[in-house]
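Spelled out from the first residue to the last, the chains are:
Number of protein chains: 4
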Amino acid sequence: MNSAILLISCSDQKGITAAIADFIYKNGGNIEHADQHIDYQTNTFFMRVQWSLGDFKIPGDSIKDSFLPLAENFSMAWSLHFDSDRPRVAIFVSRHTHCLQEILIKHSQNYLPCEIPLIVSNHSDASRNAKEFNIPFYEYSKNPKNKIEVEKKEMELLRREKIELIVLARYSQILTGQFVGAYPNRIINIHHSFLPAFIGSNPYGQAWSRGVKIIGATSHYVTEQLDAGPIIEQDTARVWHRNTLDDLKREGQDLERTVLSRALRLHLERKILTYNNKTVVFD
Amino acid sequence: MNSAILLISCSDQKGITAAIADFIYKNGGNIEHADQHIDYQTNTFFMRVQWSLGDFKIPGDSIKDSFLPLAENFSMAWSLHFDSDRPRVAIFVSRHTHCLQEILIKHSQNYLPCEIPLIVSNHSDASRNAKEFNIPFYEYSKNPKNKIEVEKKEMELLRREKIELIVLARYSQILTGQFVGAYPNRIINIHHSFLPAFIGSNPYGQAWSRGVKIIGATSHYVTEQLDAGPIIEQDTARVWHRNTLDDLKREGQDLERTVLSRALRLHLERKILTYNNKTVVFD
Amino acid sequence: MNSAILLISCSDQKGITAAIADFIYKNGGNIEHADQHIDYQTNTFFMRVQWSLGDFKIPGDSIKDSFLPLAENFSMAWSLHFDSDRPRVAIFVSRHTHCLQEILIKHSQNYLPCEIPLIVSNHSDASRNAKEFNIPFYEYSKNPKNKIEVEKKEMELLRREKIELIVLARYSQILTGQFVGAYPNRIINIHHSFLPAFIGSNPYGQAWSRGVKIIGATSHYVTEQLDAGPIIEQDTARVWHRNTLDDLKREGQDLERTVLSRALRLHLERKILTYNNKTVVFD
Amino acid sequence: MNSAILLISCSDQKGITAAIADFIYKNGGNIEHADQHIDYQTNTFFMRVQWSLGDFKIPGDSIKDSFLPLAENFSMAWSLHFDSDRPRVAIFVSRHTHCLQEILIKHSQNYLPCEIPLIVSNHSDASRNAKEFNIPFYEYSKNPKNKIEVEKKEMELLRREKIELIVLARYSQILTGQFVGAYPNRIINIHHSFLPAFIGSNPYGQAWSRGVKIIGATSHYVTEQLDAGPIIEQDTARVWHRNTLDDLKREGQDLERTVLSRALRLHLERKILTYNNKTVVFD
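Protein chains in written order, with my numbering: chain A, 249 to 531; chain B, 249 to 531; chain C, 249 to 531; chain D, 249 to 531.
Pulled out of the complex, with its shape left as it was, chain A reads as follows:
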């Protein structure tokens, strides 16, 4: 356990930074990173602060209790993390495996600080990738009839495996409101367009028909409304008349894998706060 990370939001008031910095300093911590932001429209204060625990007098499992009075004093919404945390992440994928593959490779290179104890799919295609990286693979076919029942199984599996975060790495099934509601700001999706353009299915087909000169990819937290959750990261690439629909899909895959793995890393490094269906990303 090397350093602690606090994510904080509250109404902006005088003295917040002083109180937090004082808390850390008085207890022997050294601030390694600190970033803050005020949204003046809503008068909301956001902060991410990370400090070394080397000389910190409060043991890791007591920090929450020690910080609580200060947090209550400012009516903070807050969460405490440690950079040694290894959140347990489940990857959901359908037939396109390029995003899964990217995550598994970057994970194996220690670029993504998490555990990946399971992969779920409604198809068998990704079983090859799961096998290559020795990760248990669960194939659950879904159709309109068995959807509710299968989701129950999936949620049970997620609970059993103590999954903290779900990554939809090109997962083609829409999750029910019940499923989504159980993981607020803990399901990350990649959508293969620059949202809010081309919501829903076949965004490359839509983009190609519209004749856009730029394609994009968007990673966002999943909410009940389709492709409308808080955007974490986006990127775009130029296309032109010579690009066929297949070219768009192929070029787009490179965007998708990059955008999703960046978003996942930002989440795992505890750099994201959400409010008003938007994100503050302290990178």
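What the hints contain is simulated information worked out from the structure, not anything from laboratory work.
The beta carbon of each residue, even a glycine, is placed where N, CA and C say it ideally should be.
Please note: incorrect hints may appear among the correct ones.
[Unchecked claim] Restricting the straight-line Cα-Cα distance to at most 30 Å, the calculated cross-link-like pairs of lysine-lysine (BS3-like) are:
#1 A/274 <-> A/312
#2 D/305 <-> B/274
#3 C/497 <-> B/519
#4 C/312 <-> A/274
#5 D/312 <-> B/274
#6 D/274 <-> B/305
#7 A/262 <-> C/312
#8 C/519 <-> A/519
#9 C/274 <-> A/262
#10 A/379 <-> D/354
#11 A/390 <-> A/410
#12 A/526 <-> C/519
#13 A/519 <-> B/497
#14 B/305 <-> A/497
#15 D/354 <-> D/526
#16 A/519 <-> D/497
#17 A/274 <-> C/262
#18 D/312 <-> D/274
#19 B/262 <-> D/519
#20 D/305 <-> D/497
#21 D/305 <-> B/519
[Unchecked claim] Residues of chain C clear of chain A, computed beta-carbon distances all greater than 12 Å:
#22 257
#23 280
#24 284
#25 286
#26 320
#27 330
#28 404
#29 408
#30 413
#31 431
#32 471
Once you have looked at the hints, place chains B, C and D on chain A.
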């Protein structure tokens, strides 16, 4: 008159390129640029070819007649231009003058091969710019009641001034179908978003509310359907949580002026063909 | 005078943030922006903090004295600024006026918080721009023989006009070490390449000969070594074989003006710290 | 064998396009793609033309002979290819395997039309990747003493395996002039900087020390002069003061793999012509 430019589209067939290249060669022309494209979905052939007229045996004003039999043989849609053409362009603008300013500056630097005999506005703000560059300025206030009547005046002015192309450089009024119909593929608009996201008014406000991480600008030909015509050029820029709505507007202005002046230049250089509500841009 | 800005650097130690935040809070200030960075290679701490002066108990002209003990305690290098400051900026330009023009336009739109009391040039081309914006214009021809003497005149002018910052907006003359030494981190240059590629004269010619697929522009503080000072901002654009050298120059101008005006704005907003011939840019 | 591709360069003269298009048309071919370029500085004409062989009267292995008189008439440098060609490519790699991995994955997705019959390395790290994709792996340690001797072995292997193209996918050894001379425009390297900045070893270290705000990657044909061959493709990414040297390396890897695989694809699709140490890329 230095070189001629042919823009051609027709059903793809054997021998088109050979026939055109032969026509140019037999008459003493030397091809300076040639670009072609086949859309395999619709089996449509597109070509832009430019050749020097120095030794060309056919006088400029007879080329059309000489080329006609060949064009009819392949059932071409086609147009002939000369790089010495200086199309007469009218700029329409409302209160935001940054796009107008960019066009006037780039025009004064000989970057935009056209004449700009008039500027039309529903406000007085741009009169200063018009004056600086010695361009006649027409202020026509518009409201729902007088719209039809004012458009009549505008169209009369455009006819009288032999305007070939209209540029909407942040013009806030929606043109009627009658006006648009009179200038097919000859009205270029700049929309301050990456279309098709954020159609209609206040796109930066929409973008800010949606929490996008990328903003954009789109230049397109105007059709009767709002912000839905063939896209000529787009560009994007990254934004983040620290950017206020005003930042987005300001950053966006730099995108808008660049995208619109690029689109205008492409049109003036006769590099754009349209089909199926899309563009082929031979740059 | 709405808010104060502190720029700080010192050896990293515990308690710096706490001490600064406490200083602001105890005296009734509310932090509006705060950003910090630690360079772990050199163990250097950097901070930019901005707070509202509305309820601040210390008058603006006493803040320096009040902060001094704290600064000495941590052996800080530091400077205090106010967001109401309007630094006096001199623009030096030669024959290419696009960067000057951009600065003057953005300045007139209140995008650049400064005064521009004078423009200096070794040519007459920019006198037109100076006149348009009612700014005194000083033409000083330079040649190897009169250089020292002319620089003396220029430096006298700068002193008389209390110039704080000099912007070389495509100024083709190399300044002497004496001149540069008089304005450490207070001369901003735009170089028309992605430094450190293509140092010196004719960078577009060099780029075209090398056959690069990307061109760039770099804004940096001027040091005695040519084109080798701390880089503030860079940007790049794609080019290809069809682009002539003239195209590169023209496309490059759009990059240059954007990069230079961004760098200038960052400096004016007191967002830049320098160390080890690099910059920390708290944007 | 679906279509033929001609790559042509010669002095610009009247009638070249007509002669080539006529050759294809007279023999029953239909042009699928055609692109041409004239470099006016050197008066050089470049062309890439691709036509369907479905109804083409000349058998594939006689096209060369049939085209020869025309080629000689215009003193062309030219080469004939077929889109069904599967050039045999050898990958050379050292310890960083991300570029190799990208090539193997994209190859397995049929994105790279070639055979990869062997991987050569001066280390054992890549043997795992070779094994995963069932590709013979040759480990040849190199040091200043055995270099000439080892290169002999390598060249023998390349000859035996009829290798047409060599890809240096982060290969840390400098090839001798003799080796390079045996494969003119047939060795593609990835250099981890935006050349010509940061030639030689440790470009990210150089970039980090210089404090650049943009990093890049460059793919080029290898010539005897280090990192100075014709540039095929480049790309860049923004960095800032918070990025450590390790961040630069990691972010850079994503650039490198993309740039190298694009360059390789362009070569395999016969879209690259070289002249004056530059490339014309007909994409």
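Hint by hint, here is what the structure shows:
no., hint, verdict
1, A/274 <-> A/312, "16 Å, holds"
2, D/305 <-> B/274, "26 Å, holds"
3, C/497 <-> B/519, "21 Å, holds"
4, C/312 <-> A/274, "26 Å, holds"
5, D/312 <-> B/274, "26 Å, holds"
6, D/274 <-> B/305, "26 Å, holds"
7, A/262 <-> C/312, "21 Å, holds"
8, C/519 <-> A/519, "22 Å, holds"
9, C/274 <-> A/262, "10 Å, holds"
10, A/379 <-> D/354, "20 Å, holds"
11, A/390 <-> A/410, "23 Å, holds"
12, A/526 <-> C/519, "26 Å, holds"
13, A/519 <-> B/497, "26 Å, holds"
14, B/305 <-> A/497, "48 Å, violated"
15, D/354 <-> D/526, "27 Å, holds"
16, A/519 <-> D/497, "21 Å, holds"
17, A/274 <-> C/262, "10 Å, holds"
18, D/312 <-> D/274, "16 Å, holds"
19, B/262 <-> D/519, "23 Å, holds"
20, D/305 <-> D/497, "53 Å, violated"
21, D/305 <-> B/519, "35 Å, violated"
22, 257, "15 Å, holds"
23, 280, "7 Å, violated"
24, 284, "5 Å, violated"
25, 286, "7 Å, violated"
26, 320, "19 Å, holds"
27, 330, "19 Å, holds"
28, 404, "45 Å, holds"
29, 408, "41 Å, holds"
30, 413, "28 Å, holds"
31, 431, "32 Å, holds"
32, 471, "30 Å, holds"
When the structure is compared with the earlier hints, violations turn up for hints 14, 20, 21, 23, 24 and 25 and for no others.
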